[in-house]
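Asks: Sequence:
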Amino acid sequence: MAVPFGLSTTMYITLTDGQSVTILYGWIFVSIVSLSIAASLAEICAVYPTAGGVYYWSAMLSTREWAPIASWVTGWLTLVGNWTVTLSICFSGGQLILSAITLWNEDFVANQWQTVLTFWAVMLICMGVNIFGAKYLDLINKVCIYWTASSVVIILITLLTMADNKRDAKFVFTHYDASASGWPSGWAFFVGLLQAAYTLTGYGMVASMCEEVAFPEREVPKAIVLSVLAAGITGVIYLIPILFVLPDVQTLLGVANGQPIGLLFKTVTGSAAGGFGLLFLILGILFFAGIGALTAASRCTYAFARDGAIPGSNIWKKVDKRFDIPLMALVLSTAVDMLLGLIYFGSSAAFNSFTGVATICLSTSYGMPILISVLRGRNAVKNSSYSLGRFGYFINVATLAWICLAVVLFCMPVSLPVAPATMNYASVVFAGFALISLAWYFISGRKNFTGPPVPTDVAPGEEVPVAGLAVVESRQDRNGDVEAKGKKM
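With this note's numbering as the guide, the letters of the sequence shown map in order to residues 28 to 516.
What the hints contain is simulated information worked out from the structure, not anything from laboratory work. Please note that a few of the clues may not be correct.
[What the hints assert, rightly or not] Straight-line C-alpha distance at most 20 Å; calculated EDC-like pairs for lysine to aspartate or glutamate:
(1) Lys-169 to Asp-275
(2) Lys-162 to Asp-275
(3) Lys-474 to Glu-92
(4) Lys-193 to Asp-204
(5) Lys-409 to Glu-246
(6) Lys-197 to Asp-275
(7) Lys-169 to Asp-347
(8) Lys-162 to Asp-347
(9) Lys-249 to Glu-239
[As the list claims (entries may be wrong)] Restraint ranges, calculated between C-beta atoms of paired labels, are given here:
(10) Thr-201 to Gly-155: 27 to 35 Å
(11) Tyr-173 to Asn-138: 48 to 56 Å
(12) Arg-417 to Gly-297: 26 to 34 Å
(13) Phe-421 to Phe-135: 35 to 43 Å
(14) Ile-152 to Phe-418: 29 to 37 Å
(15) Ala-300 to Tyr-203: 30 to 38 Å
(16) Ile-59 to Gln-277: 29 to 37 Å
(17) Lys-348 to Leu-166: 37 to 45 Å
Ideal Cβ positions, reconstructed from N, Cα and C, are used throughout, including at glycine.
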């Protein structure tokens, strides 16, 4: 979760829908909700420590009869979520790069072609690194951690020391103005939660660590929860100083491409060079995030294709011998995102659509195994080593209620009135992929798709290989349900 990048690129949303209160308390609220979702997933992960994550958990928690359908739905949600997260990261990156020009030339307004071509360039760079730098991805991830941490420190120290004018505490902690949104005052706050919800979407991916750590049933659940906790704290540390030095809000909202962070940096530092220096740090996080997101998207595409769940699976499931990566899955992920970027020609608010559908898909994919667990009486997680105890049912239901609300909220436009060019097309993109998924299920899936290779007929603690993934051993009860003990392949 690239917190500084996510918060910086979505700042337009919260400046429109409430300003300080939405920015700060919206972040805290969504952090608490995300922590609850993460805890619910951690409870499941402790029982089923598999690198397949929610895709596998949905199948493992279901009965034999429903496991294929549950994993099909969860898999498609995860796949589209990964694609659109990558899309939103790289698209906003293209916008940020073009916004750097306006630091020196305030009259420059990027047209649609310039924005799309810059976005495509960012996508191709991320794809190139994934192909030719595949063996360095672990190193890139490590550098990303240090770059992000140092960037936060540098940005905050620079802003606080160079700001000539600072806001008072009343503005930072109590100011609320949603007049620019056109929404009723209270509803605008909820629409503005997209900033926080989008930034806090990556914790479900932590399950992939199950292949790489000892005692995954103990360590990975902790990592899932701690990743959200760390992100939440980082966000508060990043946001409060920015609110103290926030320039005139109307000036920031007037930025042509909806990316005001560069202008904020320039205004506070007093120079275009100073503004670009800080923006450069955010752009560095952009490329780290884009590379990592595309890696995750391509691996998700490969895994889903391997199970025959997407059209043309025989093509996308191939591993390139030269680069030792799922090259065609990487190409497909890149191509899908580049095509979706064309939505910008019909909607200047396309970025909001991309963030909306990414947040909706990933949130609902996290909700699927939680929902199945609740519907089945939470029997599978009763003996979890990361148990939520007596509060488990309440926490699970509360998180599911939030996810249902989020699906509605994040299909809403940031502001009213709505025109075709400012509409939030998240619902359209979501429905489009849903139709593709549904069509392919009736064409092929209902006959050929059996779900992920979940172990069924082994005794507790027995080790069996399952498609090279870290899985758990299971046994069948009379209904074909699984009880599990942790194991790693």
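Asks: Each hint: holds or not?
Replies: Tested hints:
Among the hinted pairs, Lys-169 with Asp-275 is inconsistent with the structure: their alpha-carbon atoms are about 37 Å apart, more than 20 Å. Annotation: proposed proximity of Lys-162 to Asp-275 is violated, straight-line Cα distance about 46 Å (limit 20 Å). Proposed proximity of Lys-474 and Glu-92 is supported: the alpha carbons are some 13 Å apart, at most 20 Å. Taking the CA atoms of Lys-193 and Asp-204, the gap is near 18 Å; set against the 20 Å cutoff, the hint holds.
Proximity of Lys-409 to Glu-246 is assessed by CA-CA distance (about 19 Å); at most 20 Å being required, the pair is judged to hold. For the suggested pair Lys-197 and Asp-275, the alpha carbons sit about 16 Å apart, so the restraint of at most 20 Å is met. Proximity of Lys-169 to Asp-347 is assessed by CA-CA distance (about 25 Å); at most 20 Å being required, the pair is judged violated. This hinted pair checks out: Lys-162 and Asp-347 have alpha carbons roughly 14 Å apart, not beyond 20 Å.
With a C-alpha separation of about 15 Å, the suggested pair Lys-249 and Glu-239 falls inside the 20 Å cut-off, and the hint holds. Take Thr-201 and Gly-155: their Cβ atoms lie about 47 Å apart, and the range 27 to 35 Å is violated. Taking 48 to 56 Å as the suggested C-beta distance range, the pair Tyr-173 and Asn-138 does not conform, at roughly 37 Å. The hinted range of 26 to 34 Å is not satisfied by Arg-417 and Gly-297, whose Cβ atoms lie roughly 56 Å apart.
Separated by about 53 Å at the C-beta atoms, Phe-421 and Phe-135 break the suggested range of 35 to 43 Å. Hint check: Ile-152 to Phe-418, Cβ distance near 46 Å, so the stated range 29 to 37 Å is violated. Between Ala-300 and Tyr-203 the Cβ separation comes to about 35 Å, which falls inside the hinted range of 30 to 38 Å. Separation of Ile-59 from Gln-277 is about 31 Å and conforms to the stated range, judged on CB atoms against 29 to 37 Å.
At about 23 Å, the beta-carbon gap between Lys-348 and Leu-166 misses the expected band of 37 to 45 Å.
In terms of the numbered hints stated before, the structure departs from hints 1, 2, 7, 10, 11, 12, 13, 14, 17, listed from lowest to highest.
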